[in-house]
Amino acid sequence: MAITEENPGYKWVGTRPIRPDGLEKVTGKARFGADLALPGMLHGKVVRSPHAHAQIVSIDTSAAEAMPGVKAVITGADFPDLAANGAHAGDIDVATNTIARDKVLYEGHVVAAVAAITREQAEAAAKAVEITYEVLPHVLTVDEAMADGAPLLHDGMITKGVDPAPEDPSNIASKILHERGDLDQGFGEADSVVEREFTTKPVHQGYIEPHAAVADANSDGRANLWCSSQGHFQMRAYTATVLGVSPGNIKVTAAEIGGGFGGKTVIYLEPLAVRLSQRAGRPVKLVMDRDEVFRATGPTSGTRIKVKMGATKDGKMTAAEVWMAYEAGAYAGSPVGAAGMTAIACYDIPNFVVEGYDVVCNKPRVAAYRAPGAPMAAFAVESVVDELARNLEIDPIDIRLANAAVEGTQASYGPKFPRIGFVETLEAIKDHPNYSEELGPNQGRGVSAGFWFNAGMMSSATVHINENGTATVVTGSPDIGGSRQSMALMAAEELGIPYESIKPVVADTETVGFNDVTGGSRVTLATGAAVVDACRLVVEDLRSRAAKTWDVELDQVEWVEGQAQHIDGAQPPLSLGDLAKKSGRTGGPISANASLNSRGVGAGFSTQLCDVEVDPETGVTRVIRYLTAQDAGRAISPDYVEGQMQGGVVQGIGWALNEEYIHDSDGVMENPSFLDYRIPVASDLPMIDCSIVEVPNPAHPYGVRGVGEVGIVPPMAAVGNAINDAVDVRMTELPMSPIKVLEAITDQSD
Amino acid sequence: MSRTHISAVINGDETEFLTEDGTSLLNALRDEVGLTGAKEGCGTGDCGSCSVLIDDRVTCACLVFAPEADGATIVTVEGLATSGELHPLQQCFLEGAALQCGICTPGFLMAAKALLDRNPDPTETEIRYALAGNLCRCTGYDKIIRAVQEAAREIREK
Chain W
1 MAITEENPGY KWVGTRPIRP DGLEKVTGKA RFGADLALPG MLHGKVVRSP
51 HAHAQIVSID TSAAEAMPGV KAVITGADFP DLAANGAHAG DIDVATNTIA
101 RDKVLYEGHV VAAVAAITRE QAEAAAKAVE ITYEVLPHVL TVDEAMADGA
151 PLLHDGMITK GVDPAPEDPS NIASKILHER GDLDQGFGEA DSVVEREFTT
201 KPVHQGYIEP HAAVADANSD GRANLWCSSQ GHFQMRAYTA TVLGVSPGNI
251 KVTAAEIGGG FGGKTVIYLE PLAVRLSQRA GRPVKLVMDR DEVFRATGPT
301 SGTRIKVKMG ATKDGKMTAA EVWMAYEAGA YAGSPVGAAG MTAIACYDIP
351 NFVVEGYDVV CNKPRVAAYR APGAPMAAFA VESVVDELAR NLEIDPIDIR
401 LANAAVEGTQ ASYGPKFPRI GFVETLEAIK DHPNYSEELG PNQGRGVSAG
451 FWFNAGMMSS ATVHINENGT ATVVTGSPDI GGSRQSMALM AAEELGIPYE
501 SIKPVVADTE TVGFNDVTGG SRVTLATGAA VVDACRLVVE DLRSRAAKTW
551 DVELDQVEWV EGQAQHIDGA QPPLSLGDLA KKSGRTGGPI SANASLNSRG
601 VGAGFSTQLC DVEVDPETGV TRVIRYLTAQ DAGRAISPDY VEGQMQGGVV
651 QGIGWALNEE YIHDSDGVME NPSFLDYRIP VASDLPMIDC SIVEVPNPAH
701 PYGVRGVGEV GIVPPMAAVG NAINDAVDVR MTELPMSPIK VLEAITDQSD
Chain A
1 MSRTHISAVI NGDETEFLTE DGTSLLNALR DEVGLTGAKE GCGTGDCGSC
51 SVLIDDRVTC ACLVFAPEAD GATIVTVEGL ATSGELHPLQ QCFLEGAALQ
101 CGICTPGFLM AAKALLDRNP DPTETEIRYA LAGNLCRCTG YDKIIRAVQE
151 AAREIREK
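The listed protein sequences correspond, in order, to chains W and A.
According to this note's numbering, the first sequence is numbered sequentially starting from 1.
According to this note's numbering, the second sequence is numbered sequentially starting from 1.
Warning: the hint list may mix true and false statements.
[As the list claims (entries may be wrong)] Here are the computed distance ranges between Cβ atoms for each label pair:
#1 A:E126 <-> W:D615: 41 to 51 Å
#2 A:R153 <-> W:S683: 14 to 24 Å
#3 W:L439 <-> A:T123: 21 to 31 Å
#4 W:G440 <-> A:R153: 28 to 38 Å
#5 W:S58 <-> A:E95: 57 to 67 Å
#6 A:L86 <-> W:E617: 18 to 28 Å
These are computed hints drawn from the structure, not numbers from a lab.
Glycine included, each C-beta is placed from N, C-alpha and C at the ideal position.
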């Protein structure tokens with residue numbers, strides 16, 4: 001078969017073997033965050049604020065300290081005051097979010113922590129910490145927080161990105177703005193203009209494994225830390241900052257991670273565990289309960305978004321105006337920046353203004369969640385695009401094709417797109433049998449699209465050749481969804497040895513070079529590129545050893561299918577095993593390191609097709625058929641590419657139909673359990689059909705783009721557009737719960 | 001503090017351990033018996049990650065007090081493979097890529113075993129409802145359902 005882009009002739013890349021870490025995970029041997037126990041280990045418990053906003057008047061730990069089994073009690077006073085030390089504002093926020101100093105900013109904010117011999121003793125002692133609060137007025141939504149005279153979370157918060165800078169503080173941390181062309185002219189050219197306002201609620205990443213950390217600190221300031229995270233180098237950096245120590249003093253070992261979706265890129269328990277361990281002189285384990293996970297970690301922003309778009313009668317978009325406000329939770333840093341950049345990035349629109357606000361409020365600090373910021377903006381924009389297509393009587397795929405960003409399009413956020421595969425995902429949906437499947441009564445079909453940048457960032461890898469010619473591939477990127485398999489597949493391809501001969505390892509912070517977090521869909525791209533680089537250095541070394549062995553020039557030696565071959569066949573080939581066995585005589589052990597700051601990311605696009613059935617009497621929406629087409633660039637490991645696509649879609653379906661944070665008027669979360677915060681279960685769903693599109697990323701040796709995130713961007717609008725198709729109501733609030741859909745149906749028939 | 005002495009058959013072994021009366025079976029299995037395969041995802045019976053078989057019934061170990069296990073026969077994920085041979089469900093989960101992070105996998109395997117033990121030929125809908133008490137946030141359930149279908153087929157053909 002000819003070697004082409006479609007048939008690149010790979011032996012391992014693109015195959016579906018069993019994942020290297022699978023056996024441990026189906027037999028219960030895999031060690032997740034809470035599974036480690038050390039000799040003499042204590043159990044910790046965190047004390048949290050019951051108030052949404054309050055001044056801490058006093059903390060009395062004496063009763064807790066006197067309780068049986070209690071070995072340490074800590075408060076904010078046990079940590080360096082970074083603000084007093086003139087630290088960077090971002091670091092101060094990380095520190096005070098980890099443990100409050102003078103003020104609590106949300107229900108669940110950490111105020112103290114204890115360590116005791118048993119779990120029960122720790123829980124009893126946590127209850128005995130006496131804290132006096134002066135309750136302050138709170139704000140829970142962007143509307144409340146942006147209102148005139150709203151109570152302030154941070155007295156010194158002056159809005160960034162506004163010129164001239166405002167004189168008075170507010171809850172608006174920053175403003176973003178992207179604009180091009182002339183809005184009035186654009187809307188003037190339009191034959192149809194649609195304007196809508198949308199609201200979405202905070203939703204949680206919902207990983208099944210609660211946060212957990214075990215620390216074993218020494219009296220000399222060094223500490224060992226085991227934790228479940230998306231990046232143990234990041235945990236080390238943050239922990240060192242909060243404790244005021246050198247990162248080199250802390251060794252972090254990555255436990256297996258039970259889901260993260262962005263929510264485990266930040267610290268919560270780690271510095272507390274280290275400090276408790278230092279105070280107690282014994283190892284300490286901290287594990288969150290589920291209600292703590294909901295009350296104090298994640299979620300992603302609730303939002304209010306206004307979108308106005310216009311198009312000509314042949315479907316050409318002429319103008320877009322987007323205004324968005326994103327809840328940041330207690331500290332600056334909502335994903336409104338990414339939202340502003342992604343909102344209309346799928347389309348080539350000549351005139352636009354995208355304006356966004358990062359707004360603090362008395363809820364837990366938001367954390368990254370799969371394509372942070374993009375899904376809410378896409379819900380708004382893709383709903384409006386659907387309405388434009390309906391008004392103009394244009395097929396929903398065709399209107400997107402007529403405006404789709406392609407190679408060379410000036411992206412709405414600035415740069416020109418290199419080669420991208422958005423059009424190919426649209427065509428994949430249109431060509432799929434689902435697109436013409438007949439619909440029954442009360443059933444409807446919706447289309448939606450999404451964009452995500454994908455990240456590159458820094459990675460390191462080491463490849464060791466073992467004495468029998470097998471290889472160990474060491475990286476520092478926690479494997480959250482099968483990345484060890486993609487590392488092994490690329491290494492097998494490069495070295496020319498079987499996949500089964502490669503052991504991929506996620507090493508601790510002292511055993512491998514620096515790696516940024518497992519986030520931004522970056523691991524197969526960037527850590528994968530480091531693995532490929534290290535393998536190529538090894539192959540270079542192997543060729544040189546063969547050349548020495550044969551006493552020929554290096555250019556006389558090729559590396560083919562795991563063996564050194566003389567180009568003229570003048571020598572019998574030397575396999576990797578042969579060369580490994582003789583390594584002592586040819587220069588010593590064979591291994592190579594590679595570190596890089598990623599050479600080029602490949603943007604990801606997804607187009608999705610959702611069929612629903614709506615019960616007009618109850619408002620219940622059931623997804624009956626779903627298809628997702630996504631540009632993977634190159635699917636190194638198709639099983640786990642599909643897994644990312646399907647998982648993203650189903651999180652999006654949950655966001656669309658069920659999931660939301662509900663707070664009472666005191667700012668206390670009312671649904672901090674999986675019973676009341678309902679994520680999708682198996683009986684809610686159909687199979688999720690996948691179409692992997694492969695338009696290679698020119699900047700990666702195998703064309704990888706990264707696949708983890710973009711799948712969650714389109715589903716909310718896909719579901720909303722399908723509901724509109726089924727029962728002719730335009731849903732503008734998430735979640736589209738039965739009561740809201742029923743109200744919309746009732747209002748429409750009144 | 002007085003502790004209660006419990007005897008149970010766990011994964012085929014006569015096992016004895018001490019526990020406090022208010023301790024969950026899940027914490028006893030993990031802390032006292034040393035079996036950490038069952039996971040705590042919620043502690044309130046909502047996620048199914050701690051699913052074990054108690055006298056052949058699939059149960060959330062977090063909802064059972066440890067003393068209630070006295071005299072019971074318990075199977076955890078660590079007891080699913082016999083004599084080093086994987087259960088067809090385990091093999092099909094591996095071959096079908098039915099796990100991503102893997103934290104929910106032990107619970108799904110035990111719930112699926114309970115289903116196939118009583119119904120060797122379930123429909124897709126029956127599988128979906130039998131596993132509705134087990135949350136997975138990574139996979140969207142598609143590959144899990146397919147793996148259970150495949151395992152059922154293999155078990156029937158044996």
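Hints breached by this structure: 1, 6
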